[in-house]
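According to this note's numbering, the sequence shown holds residues 1 to 109 in order.
By construction, these hints were calculated from the structure, which means they are not laboratory data.
We treat Cβ as the ideally placed atom computed from N, Cα and C, and that holds for glycine.
One or more of the hints may lead you astray.
What the hints assert, rightly or not - Listed next, with one range per pair, are the computed distances between beta-carbon atoms: (1) 86 / 28: 15 to 25 Å; (2) 109 / 47: 18 to 28 Å; (3) 49 / 105: 34 to 44 Å; (4) 106 / 85: 11 to 21 Å; (5) 29 / 73: 17 to 27 Å; (6) 49 / 85: 19 to 29 Å; (7) 90 / 57: 12 to 22 Å; (8) 36 / 81: 28 to 38 Å; (9) 104 / 35: 13 to 23 Å; (10) 44 / 106: 30 to 40 Å; (11) 2 / 66: 36 to 46 Å.
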Amino acid sequence: MTLYRQLAALTLCALAASLAPLSGHAEGPAVSALNGKVSVESGSTGNQGNSSATGLGQGSITTPLGHSFGLQLDGAAGIASGNLHGGGALHGFWRDPTVGLLGPVVVIA
Numbered sequence: 001m002t003l004y005r006q007l008a009a010l011t012l013c014a015l016a017a018s019l020a021p022l023s024g025h026a027e028g029p030a031v032s033a034l035n036g037k038v039s040v041e042s043g044s045t046g047n048q049g050n051s052s053a054t055g056l057g058q059g060s061i062t063t064p065l066g067h068s069f070g071l072q073l074d075g076a077a078g079i080a081s082g083n084l085h086g087g088g089a090l091h092g093f094w095r096d097p098t099v100g101l102l103g104p105v106v107v108i109a
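Model the full structure from these sequences, guided by the hints.
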């Protein structure tokens, strides 16, 4: 799967998740405090006796910008079949728990 197909799949998953019905009413700020997450995955791929290690590291950090706004920075780097891949995204957003979340995304791949 090419990087552009992966980004398209990720975008579609995020869109589908944002369209899911809300179960209850949330209150509070867009982002309560500075927070983040880190993920590391690995595996192998290959056929006919040839194999190659794969790995992926990704992280995200989110910070509040006032009560209704937030900023999120995402980054990822991985290796597959000896090729290094990476990218990042910056997402500024406005959030109202009764309406939803909306904001632009800038992606570098």
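Requested in this report: Hints the structure violates: just list their numbers, smallest first.
Outcome: 1
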